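A.B. asks: Listed here are the chains, written in short residue letters.
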Amino acid sequence: MSTIGWRDRLQGQMDPELAEEIDVFENQVELRKDGRVDERVFAETRLRRGVYGQRYDNGQRHDGVEHRRLEFPSGDLTKGPETLWDAPGMLRIKVPWGGLTPLQIDVLAELAEEYSDHVLHVTTRQDIQLHYVHIEDMPTVMRRLAAVGMTTREACGNGVRNLTACPLSGVCRTEAFDVTPHSEALFRFLLGHPDCQDFGRKFKIAFSGCADEACGLVMMHDLGAIARVDAVDGEPVQSFDIYVGGGLGTTPHQAKLLAGRVPLGELLPTVQAVSRVFARLGEKQNRNRARIKFLVSQVGIEEFGRLVREEREILPYDPRWTAHLEDGLPPEDPARALDTGTEDAAADPAFIAWRANNVYLQRQPGYAVVTIPLPLGDISSGQARLLADVARRFVGDTVRTTVEQNIVFRWVRLEDLRDLHAALAEIGMADPYAETIVDVTSCPGTDTCKLGISASRGLAGELRERLAAKSGELDEAVKGLRIKVSGCFNSCGQHHAADIGFFGNSRKSGGRVVPHFQVVLGGEWQHNAGSYGLAVGAIPSKRIPEVVDRITNQFVADRLPGESFLDWSGRTGRKGLAAIIEDLKQIPEYEDDPTLFSDWGNPREFSIGDIGVGECAGEVISSTDLELSFAESIAFEAQVALEDGDITRADDRAYRSMITAARALVRTELPDVPEQDDVIVREFDARFVETKRFQDRFAHGKFARPLLERHASGRPVATEEHARTLVEEAQLFIDAAHACQIRMAGATSATQ
Amino acid sequence: MNPHRISVKLYLDDPAALDAEAVVPPFHRYIREDAVGGIPIDVARYAHVVNGPGVLIIGHQLDYAIDYAEGRAGISVTRKRDQEGTFAEQVRDLASEAGRLSLLLQGEDGIGDAGRVGTGAALVTILDRYEAPNDDETLVRVEPALREAFEPLSERAAVEMSRVGVAREPFAVSVAIAAARPLEHWTEGSAALA
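Just so you know, the sequences run in chain order A and B. The first sequence: position 562 = 562 (my numbering), numbered continuously. Just add 1000 to wherever you are in the second sequence, counting from 1, and you've got my numbering.
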């Protein structure tokens, strides 16, 4: 009941395009339940809406003794290959450039309570994730998000993921200029853009306000833009340096400069051209080689640049390229005007420690950015609601998430710092460890991720607790180090860019499997993740705290005056670093120390049998398949409308489903076909009907006729009987479009 | 009323005595031994979140938790899917399950009395803002069913209720049970969920 109720209640509060998207997805859910959509197509459909699988969703779980089957009520019904329908899943919610409002936080809290496990998880790419959500609840969650301007669209799957940006943008003391409006414009431009629907893999974009700080971590992204200002004829001119081909994972790449000093008005078309080149030439079959870094590496940055420039030349003009320069996101205003503009002297030690680590003075005098550390990126629904109230009181709508899994408040008046600290302390959110060694970052790992090997969150929690307990004794040089943990080599914890990084793996010993972490030292966080760390050996998971102690102690003992961890680890070298922890690699007999055979926070004997098939890459489904699948959803709506006696809507949906299917076919030959029915029908007629390619062997041109006639008439059918006929014909039209696509694919492969 | 989710929480007698992490091994064992109802899936650990959901057995139909929400530790059981019976029966079943989990934990080495809950108070939360907004009207609607659920747990059928929280929070009722029957009585019939 509440599903229908929410849909009706939120009508008019959602962006119409997003609302329709969600309607289509809801139909797809119903169609899949009826077995009318292929599981692979449905998997990619849901991934492109941020609906991701979770650990054990193949219905198998190792309980510490044996593998057990989870006997879900829906039996073998799946929502993707080896992914059971009833198995709870994760929903990733995009938070472009990390921007959040208190109202959005309130709604996120509500959703965590009603559909998830009462926890909001901030990711290393500024998204928010809900875990343990049932597939049938997803459309309602999406609607409630859409009503406050949030989307899950393309948060997973082979598309443009959340667009990240430095959380200090606009208030930073060293940035070239505020990248926020450009980030927002590019996010809106690429969301659902036709040129981004045929990627072989995901595509991550980051913005940075400067080259020297960590900012947006541009160098480890598929595409990144770094702001710059140059004097031209004595006048400051803003532009971007655009980088491509960065990435982490098993083969980390540093991004390469694609184009320097790109004018602001050229940012969007340049990224569009990159998208087209990637969609056309990127690997599609082998997902392990399908990220853009492999394409850039294969053809070389010079040739890649030439291809992009060539593509840019032929792009059809789009007014959105520059619209944001005139009427884009306005600069933020502080919620509270300055009164005194100064801080009172403080004596409270808790405040002093918090003030030292969690407060950054903005370039705007009298204001500061305050970091609120979230342990492991988690915040409970109750805390989130209280935090929203604190935001309303002190900073209004200027909240952002960070890639270090924290939340920042911007535009805090210096005179409010003590009151803010007190308010945060009251809700248990005044930990004084922001961006210190205590503030350990971690991906979900084996807690919920299908690909996790080791318990990254378990380890991160353990390190956090231990380091917090002795934070007062830590050497100043150690306090500022960063620790990042990934549950596997896919690097979602961004361990490559940490001073001390770990990623999960395993080793066998005496017939048993032992959880391990590979130790990676000396990554560079600054300079937009300017260099990656050295792997120095795999150590049993339970000994990692000892690794941290030894490495940090050695660093303190060896370092030259002013020497950074990065420089020290480079000077010490892989061999020297490995020697510090070499003896910890030895695995005792199980009987001598069984604790090593289980992981942090999980007493079950360790097993890698729970690792599933990753959906990170998504299914490689062509955009034609997806569009035809959408057409089916719309046809389904037509059938529902007919059953409800709504002839007008039945006609509209039937007609629209045929237009969608026709457009899918036309787009295989004319990617830029505009969203105009006249053009779509004309092109469809010329390319597929007149050429007889749409013809069925027995029915000949019969299936195309309903679209052509309905379009030519220009008016809806008048009777229920006609509507019923049109709805049936629409389904046949879509079937014929599928058949046509298959014939075309056969012809293509026969010519290769 | 058939809300999306219902939760019943019983409060720990001595919250400081229980280390949330101590329940992780038994929770895993309860999954292995089918000691809890529905289809349990995994254990989720959130003890690091202040006033959070604590440590949970996440299931398909039911979540069981050592729960620290509202700053007060307790044992909660939440019905998420596949509801059966009337609203009153569902609430009663959840109270039974919370009591049963308490008895299970009291039997664990290293936990013992730290797992004991009181029977004089319960918190019923309806996690469905559409069906049950947090207002007095909802209280009027659910009160008879809550009486039906809780009065048999009192020797004198003496139960008092008050709504908790504000409009944007989920609807919640604090139930005070005078002359409450012992926990063993509460758990009679909880096999209905197992």
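Some hints here could point you the wrong way.
[Stated by the list, open to error] If you only want the chain B side, here are some residues facing chain A, beta carbon under 7 Å, derived:
hint: 1; residue: Arg1032
hint: 2; residue: Ala1035
hint: 3; residue: His1060
hint: 4; residue: Phe1087
hint: 5; residue: Leu1127
hint: 6; residue: Pro1133
hint: 7; residue: Asn1134
[Said to hold, decoys possible] Rough simulated footprint, nothing fancy, chain B against chain A, three-plus residues with beta-carbon under 8 Å:
hint: 8; region: 106-114
hint: 9; region: 598-606
hint: 10; region: 726-734
[Unchecked claim] Computed Cβ-Cβ distance ranges for the label pairs, DEER-style:
hint: 11; chain 1: A; residue 1: Glu66; chain 2: B; residue 2: Glu1188; range: 28 to 34 Å
hint: 12; chain 1: A; residue 1: Glu591; chain 2: B; residue 2: Val1050; range: 36 to 42 Å
hint: 13; chain 1: A; residue 1: Ala353; chain 2: B; residue 2: Glu1143; range: 18 to 24 Å
hint: 14; chain 1: B; residue 1: Val1050; chain 2: A; residue 2: Arg280; range: 48 to 54 Å
No lab work stands behind these hints: they were computed from the structure. Predicted, not measured: the structure shown is a model, and the values here were computed from it. Idealized CB from N, CA, C, for every residue including glycine.
A.B. asks: Can leucine 1127 (chain B) be said to touch chain A, with a Cβ gap under 7 Å?
C.D. replies: holds (5 Å)
A.B. asks: Establish whether the coverage given for the region 598-606 of chain A by chain B is satisfied; the threshold is a Cβ-Cβ distance below 8 Å, and no fewer than three residues must meet it.
C.D. replies: holds (count 4)
A.B. asks: Assuming the hint says 36 to 42 Å, is it satisfied by the Cβ distance from glutamate 591 (chain A) to valine 1050 (chain B) or not?
C.D. replies: Holds: the Cβ-Cβ distance is about 40 Å, inside 36 to 42 Å.
A.B. asks: Within the region 106-114 of chain A, is the number of residues with a Cβ closer than 8 Å to a Cβ of chain B three or more?
C.D. replies: Check passed, 4 qualifying residues.
A.B. asks: At the C-beta level, are valine 1050 (chain B) and arginine 280 (chain A) separated by a distance inside 48 to 54 Å?
C.D. replies: holds (50 Å)
A.B. asks: Checking hints one by one. Is histidine 1060 (chain B) an interface residue toward chain A, by the C-beta closer than 7 Å rule?
C.D. replies: holds (6 Å)
A.B. asks: For the hint 28 to 34 Å, verify it against the beta carbon of glutamate 66 (chain A) and that of glutamate 1188 (chain B).
C.D. replies: holds (33 Å)
A.B. asks: Are 3 or more residues of the region 726-734 of chain A near chain B, judged by a Cβ distance of less than 8 Å?
C.D. replies: This one is violated; 0 residues, fewer than the three required, reach chain B with a Cβ under 8 Å.
A.B. asks: Classify the hint on phenylalanine 1087 (chain B) as holds or violated, based on whether any CB of chain A lies nearer than 7 Å to its CB.
C.D. replies: The hint is violated - phenylalanine 1087 (chain B) has no Cβ within 7 Å of chain A, the shortest such distance being about 13 Å.
A.B. asks: Should the interface hint for alanine 1035 (chain B) be scored as holding, given a Cβ-Cβ cut-off of 7 Å against chain A?
C.D. replies: This hint is violated: alanine 1035 (chain B) lies away from chain A, its Cβ roughly 12 Å from the closest one there, beyond 7 Å.
A.B. asks: So, as I understand it, the hint says proline 1133 (chain B) touches chain A; can you test that by seeing if any CB pair is closer than 7 Å?
C.D. replies: Check failed: Cβ of proline 1133 (chain B) comes no nearer than 11 Å to chain A, outside 7 Å.
A.B. asks: Does the nearest C-beta of chain A fall within a distance shorter than 7 Å of the C-beta of arginine 1032 (chain B)?
C.D. replies: Arginine 1032 (chain B) check passes; min Cβ-Cβ to chain A is 4 Å, inside 7 Å.
Violated hints for the displayed structure, listed by number in ascending order: 2, 4, 6, 7, 10, 13.
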